[in-house]
Structure formats: C-alpha cells, structure tokens
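Peer 1: Following the hints, put chain A in place on chain D, whose structure we already have.
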Amino acid sequence: MLIGGTTINGVFNAILSFSANNPVLAKYMTTMFRWVFVVLAIYILLRCIMSLLSTRATPEVWGYFYVQDGVSTPITHWENIIGRSNSADLTIPLKTISKTHAILGRRPNGQWIFKDLGSKNGTIINGVELKPNKRYLINPGDQIIMGGVYCTLAGISVEESMNLQRMRSLDKEPVSPWKILVAITAFQILTAVQLVLGMGEKMSASSLLAIVLLCGLMWGYVMFFKAMGRKGFEMEMIAFFMSTINLAVTASSAPSETMKQFIAIVLGISLMIFMCIFLRDLQRTKKIRPVLAGLSVLLLLFNLTFGTLKYGAANWVTIGGFSFQPSELVKLAFICIGAASLEELYNKKNIYLYAMFSLFCLGSLAMMGDFGTALIFFVTYLVVSFMRSGDFSKLILTVVGAGAMGIMVLRFKPYIASRFATWGHVWEFADSTGYQQTRTMAYGAGGGLLGIGAGNGSLKYIGASNTDLVFGFVMEEWGFIIAVLLVLCLITLSLFAVNSIVAGRSSFFTIGACGAATMFMFQTMLNIFGAVDLFPLTGVTFPFVSAGGTSMLTSWAMLAYFKASDMRKDASLAISKEKDPSTLEF
Amino acid sequence: MKKLERRAAICLALAAVLFLGIVYFGWKFVTHGGEWASFYGNTQIYTNGMINRGTIYDRNGELLLNCTPDGIQYSSDSAIRKSTVHAVGDPKGNVATGAINMWKDQLIGYDILNGTYDTTSEGKSITLTIDSKANKTAYNALNGREGTVGVFNYKTGEVMCMVSTPTFDPAGTEPSDPNSSVYFNTFLMGTLTPGSTFKLVTAAAAYDTLDDIGSFGFTCDGTNTYEGEKIKCTSNHGHVNFETALAKSCNGAFGSLTRQVGPATMGEYVKELGFTDSINVDGIETAAGSFTFPENSPIDLSWAGIGQYQDLVNPCAMMVYVGSIANEGEAVEPTLLKGSNFLDRISSGKSLGRYLDKNTADKLKQMMKYDVQMTYGEGNFPGLDIYAKSGTAEVGTSKSNSWFVGFIDDPKHPYAFVVWIKGAGTGYTAAGPVARNVLNTLIAEN
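Line by line, the protein sequences are chains D and A. Residue 124 in my numbering sits at position 120 of the first sequence, and the numbers go up by one each step. Residue 657 in my numbering sits at position 302 of the second sequence, and the numbers go up by one each step.
Mixed in with the good hints there might be a few duds.
To be verified - The list that follows gives simulated cross-link-like pairs (lysine to any residue, SDA-like), each with its CA atoms no further than 25 Å apart: (1) K138(D) with K358(A); (2) K291(D) with S362(D); (3) K358(A) with W66(D); (4) K206(D) with N25(D); (5) K718(A) with D764(A); (6) K358(A) with N351(D); (7) K206(D) with P424(A); (8) K357(A) with N137(D); (9) K358(A) with W116(D); (10) K718(A) with T564(A); (11) K479(A) with G396(A); (12) K291(D) with G109(D); (13) K357(A) with D574(D); (14) K264(D) with S210(D).
Said to hold, decoys possible - One-sided and incomplete, this derived list gives chain A residues near chain D with beta-carbon spacing under 10 Å: (15) K358; (16) R361; (17) A364; (18) I365; (19) V372; (20) L373; (21) F380; (22) S393; (23) G396; (24) N397; (25) I467.
If you are wondering where the hints come from, they were derived from the structure by calculation, not from laboratory data. C-beta atoms are modelled at their ideal positions from N, C-alpha and C, and glycine is treated no differently.
Excised from the complex, chain D in its bound form (with noise of 0.2 Å):
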C-alpha cells in the first residue's frame, strides 16, 4: 500500500507537471478525450446490454407431465401451476379440471410436492383423494386423477438429461468479459489522467489510488469467478462501470471522499456474493425472511429514535464516527420480504404479513421526513404486490387510497408544497426553489453530447450535486451520450429480469429481480426527472453513481437479486451449478 501510494504520487504528481507545462496540449488531450470516453462508453455498456439481451436460455427440464390420451409436458420450473387456463404451466384443457388445479413442485433434494388448490372436482393421488392446500410427497409414476383424468409424473433419465444439457450449452453464451475489461481499464486509465488534467492540485493522489484500486478488484473478481467456472458478469461489468462514474464524480466534487466511495464499493460486492451464495437455497432464503424483517424493524427504529437531519430529511444515523442510511440497507431486506414463491402466492396470510410490513417501512420513513424513499418503498410494494396477487382492481384502489394520503401529506407538510408549486416552471424560481434543478439543466445542457471533461464541471459547487442532481454532474462533465448509457443499463437490468422468468425456478427469485429491478428504476426516476423537472425534486440517490457510501453498497447488493434471476447455463454465481449428469446417482 505505502508503495502503490508512493508510486501513486509520483504518476499524480508527472501528470500535474505535464499540464502544468504544456497548457496547451493538455487542453486538446481533453478535447480529445472526451471522444475517447464516449466511444469507450458506448462499446463496453452496448456490449453487456446486447448480450443480456440477446441471450434467452434455454430452460432446464425436471421431468414430464403426462396426462391420458395427450402428450407429455416438459416440466421447467421448480413451481408450476396446473390448470385448465392458458396461463398455467402445464395445460389440461378439459372442462372438469378447475383453471387453477394444482401446484406440483420440485424441492432441490429432487423430491416433488403436489398441492391441490381447492379444485372444484378435486385430486386423486395412487387411490387417496387429496385434502385441499395440503401438501403431499409424490413420485414419478404416481397415478394422478384430477377431475377424473388421468395423469403421471416422469422423471428425467439420465440420456434425456445429458441431451439437455447439450441442448443448453448450444445456447447462446454470455460475453466474453475480457475485451470490455480492457476497455472499461482503458476508460478508467484515462478518467484517472482527465481528472489530475481537469483539477490540477485540487484532485488528491488518494482518489487516482481508488480508481486505480477499484480496477485491481474488477480484474480480481472476474478472474477469481472465472475460475470458479462462472460465465456471465455483463451485469458486474455494468456495475464496475458506473462504479467508475461515481469515483470520478466523488473525485471532482469531494476528492477526500473517493477512498471511502471505493470502500462501499468493497464493501458491497461481499454482500452482494454473500447474498448470491445465501440465494442459492430457495428453503433457506425463505426460512431467513422474518429475521430480516424483524431486523429492518429494528433498524428504522433505531433510526426514528437516533436520525439525524440532513437535507430536510432526518434518515442518517452516526455510529462512531460512521455515518450511514438504515433505509438504504432495509430495501435490502424489502425485495426478499416481498417475494415468494408460487405456493405461498396461494396464501392469502403472507401478503397481509407483507402488506403490514410495509405499511410500518413507509410510516417510519414518513415520520423521518423521508418522502422520496418512501414512494420508491411504496411503488416497490405495488409491483410486488400485483405481481403476487395479479390484482389490477386492488393495485389501483390502492394507488388511488395513497395518492388521497399523499394530499393529506402535502396539506401539513408545507416544505413539500412548494416543492410541487415550483415543479413544471422551475425557471421562474431560477433563483428560490428551482436553484438546483435550473442548474442541473444549465450546467448539464453546458456538458452537450459529449461532456466537457471530468473534473471541468462547475455543477459541483451546487449543493447535493453529487447526489441528488448527479445526472446533471455527469451530463456536464461527461456529456448526454454516457448520462443516458447509464439509464439504458439499468433499464436493461429490468428488461433481463422479466425475460429470464420464462426458464425462472422458483417465483421467489423471478419477484426479487422483479422487485429490485423496480427499486433501481423507480429510484433512478425519481432522480432524474425530480433533478431536470419533469417530477418534483425528491432527492433520492441513482443507483451506483450517487456518492454516498450507504447507496452504493446497496446497489450492489440489490445486484444479487438480478443474478439470482440468470438462468443461462453456468452464468450466474447466484444459482448453484449444474452437476455433470453422469455422475449423477439414481
């Protein structure tokens, strides 16, 4: 460490002496550049999102379904509905079958549970006519009569098996990661260079070490992952680059903070592999939900009783010396709480246990003053919520309910008020209430298409820039193009969850990415159109590039729900590997 920092100050203070020297050319390095920047940009996030999104897997088998005198279905979940109706997994389409039957599942030992669902001519299994939502223990080549036809389940020979595998390994693969970590590198050799240009003595050698560092850590975790035999980090890669943005953001506004910035950063990839690892085992997950509830329960508790004000909003707590969000962390544990799988769906019980859980996150996040980060909870909620229940009705009486408590909120809270009485000509306020969003456009507008360079930015002595109005930072120093790469990334995480539900296991991890992937681009809403006005200035952070460490450990933790979500074959760290069918033991 005391080497690489010497090392550090003496390529810091070269640079410095350089600039200093040639003016000039330094100023055409930085014209030049931001071309650079741009293309390096749009090869390393196209690269990932193309290859997120072209790749569809090819989902794994776990037995057949056979139902009398029609054909055997593949069984690709570890959840499935069977029914009459076209939207169940596995079809029967005959009259005395009810449109939601049964649920049959598999659990990871290869046992399978079949569940009737209260059908209206009920479920025969070997002779024993079974009692509605109760779970029974069946085996391949069981006889199933439900509403008097008769069905079998088979289990998956070993050829079959190995056929699919072969099948799933012609599938389309992930990116090779190594010629968009060299370019990311690239990218992160030239920020470092771009900053000391821009900033001259106001940069630190500190921050070139942290992005210098964070580069080590990229090339460590995808070697290190490799070897373990994992394939797809499109979505680390995204996560490394607007890890990236933020140092450089953090650099030019708060230089004494980027160490601390690539801390959280450590900080949460081990979260985020301790949750893929955790993520593994669907039982184990699901056994760890009241804990983290009654955490989170804690947590904001704690915060209601020790927060301290910041930004009108008292969601800080200090331990030590070391402040940090408790809100930031419960998101956390949110999406795992809200998401469930398929037979608990069929279980009215949990969703008021989530419904009340809620309920007491968004009145402790109001009561600290919180709003923005209790609409981003709330909309969570809705989503979560519909995608459990599937109910549109109940989704809009409550949006409608939320929107009159909202009004409610508006009237006796003043501050908030005015923030909606600026909203839509912030240029009339351009000097009260609509200060921070007439400079974001001002001075994000000033960076054009391609920036105006890291470190030349004037948006940074607004107050909350690097936070708040962080969109407009990177707009001006880095320019339109990469502002709206990094959206287009997170709108891929989403686009990548929903596609991976067709060869989803279980519905728990298909509602987590679901979840997580509303977070992220709720969040990232709120953000930009609250800082360019085409929302109210909320203030809440956008995911990976806000400074603050408390946000940026969290979106990379969040990222573990998007990787439990990565079907493809041997991708994902997140889902446990496939075994070699050979070796299997029947």
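Peer 2: Okay, now just chain A, sitting in the frame of chain D:
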C-alpha cells in the same frame, strides 16, 4: 410461473415510462439545450452575471466587444462604442436587440455536440454586418440629436449601418432603469409618424390602381379646402401632375390621390408592402407599424395617405420598402449576422417576396430621381446616384421630425437608407446631409 410472466408486464411498463421520460428529456435537451446552457446562473460562461467569453467584430474585422473571465473589453473609440451599442448590446442585457442578447448561443459557443466546451483556443466570435466607421459617421452626424440611421444592401440584405440615439457608453456607467430610452433601438423597435415619406406608398397604390393616373392633375392653392376642412401645403404649388406632386410633396394632390384610391386599397397596400408586419432580422422581431384608413372621413383618409393622421411606421420596414423600389420591386430581408462561409458571401439575401411590379418600381425610382433633381438638388450629393424622398412629420410639437429615405444606384454599393431625426425641422435639409455622409463613408470603406 406463466402467470408471473404476464404480471411482469408491470415492470416493463415502468421501464417504458423511464425510457419515454428520457426520450422526452432528450427532445427538450435538443430543442432547449442552448437556452438552458446560456442561463445566467451558468458560471462556466458568466462571471458576476456578465458573460465571460466570446468576441464580436464588425464587417471589417474591427473589434467591438471581447468578453473574458477578467472583464469586458470594448472598442477603444467612444463614438464607436456609443454608435454600435444597440447592435452589440450590453452585458447586462438591457439592450434587447443587442447581439450579446440575441445570439448569446453563438458567443458562448454552444453547440449540441460540445455544449459550452470550447474546442478552440481563441474562443467563439460573431461578425456583424455593420460597418463601425459608418456607424461612427452617422452618430457624429446626428450630433447629439435624437434619431436613427439605417443603411442596408438591398441585394444581400446586409445591414451596413444601424445607429439609434439617445445612446450610452457601455464602458461607462449605464442608467439603472432598464426602461431608459438609451436602451431603445429606434431603428428596429420604434414606430414613428412617417410624414411625406409615406407618399411613396400612396404613389405606388395610385400608380397601380388608378387607370387615369397619367392624366392626373391637381391645382394647389396652399390651403386646399376639402369639404370645409383644410389640407395645407408648405406653399402654393399651383398645378401639379403625378410626378411633380411627389417632387413638390403636395399634400393637396396626395390627399386627392388617396381619396381616389380609397381606404380599402390603401389598407391592402400597407399590408402588402410589409408595413403592418414584423420583420425577422436574424431572430429579432421588429416592431410592426399601424395605420387607420377611415371609411367615412375623407379628410382623415387624406391625411392618412399623406403620412399623418394615425400612421406609424417602423424605420426598418421603411428601409426595406425603399430597398424594394431599388431592387426592381423585390424586397430582401435585412440581416445583421455576417455569413461565415463562402456560399453565404456570394448568395443574395433572403427574399421577402415581390412588393411591387417592376413597372411600378421603375416609375417610383424615376420619380424619386426627379424629386432629388427638382427639390433636394443633385449638387448636394456629389458622386452619389441618389434617389430619395424626404418627410417632415408633424407630431404636434413645435418642431417637426425630419425624414430622408432612399437609395443609391451603384452596382458595387447597392445601399438603401433611412434617416430620421427628431425635431430637426424640414426633412431633406436636416436629414439629407446625414445620409450623404454615411453613404460616402460606406463607399470609401467597402
């Protein structure tokens, strides 16, 4: 699981909202980016509320204004500063028509690709079409009187001279009242009583619409009582025909012509000759003139055709009209920004359409020459092939306002001009020499 696939559409909807929001913002960024970037709060380009980059030159490369982060540098000549301030503008933006206000984007060097990032080492600049030496000549010739002088090239539309007084020295202290008259550009934004210069309009209408215009005759007794009311002339003009009526500027004769043309046709002519519309000078919308041609009051109608009554013209519009007479009836849009590329330099100006038939234009041109020969004296304009009409607008004050409008027929210097001086008395004696000096300076310098 299939159910979830369908329900996940809500996630896609959210993604669509985010995406559409970004597209919408992108559209606003493209259409409003320049405006946003040139917001006064942008310290990249403003220091203490004053623009801190960009240079403005006149047509001959004379520096008029140079903005730097350390302050603003003007021309070293105070007469040039004062005479060009309405074209150049002031950094505080009090002069609404100033280049610094109107074409801020170009000074800042904003373009969508680079934003405000300056890719050059010397900064961006604007070159105006005006000649600062001619402006200075005009300013000096006005000699402290309130007035305005405008000259443009009636082929290319380039405004060669634009001065408005009262004015101020931008390097000195500016009046704190943003509505102060010194900030007002009379040439572009003023509307004034045209007096006899308006007879050029009435003449065009009469020539086009009266079949027996060739045999028109009127006997002026100096008082010209019509229906019990007087239409006074400066003197007893005796018998005049169409040509001599204009040369002698006979009110009685033009009152008669106006009544023959009729109110409806007069209204059509002021509209077709561009007097009732704004002219777009590179984004500056000039003030539109206004006229009333009453149906039921022959006397008021007569005065309206003589350029009195409620007539108000914009000096720039008058210049464009006389330019169209010189240009065989074709009107050219005035411009203040000098084109930077070769194509802009050789191509002719943007047409505002045909104001007059070629015949009518030729007839008016011939009559304006006759006017100069008979009334103003060609000897007063040595070396200039000048065509003109003067005006002495009565606005109820003791001294009338002087007008002198016209053009010179010189293929190398196709200039049309308008001079207006407040309270200077008889048109051609007061305003004529100002026009002569400015034209001579322009010919010498260009």
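Peer 1: To test your reading of the hints: which numbers does this structure violate?
Peer 2: No hint contradicted; all consistent.
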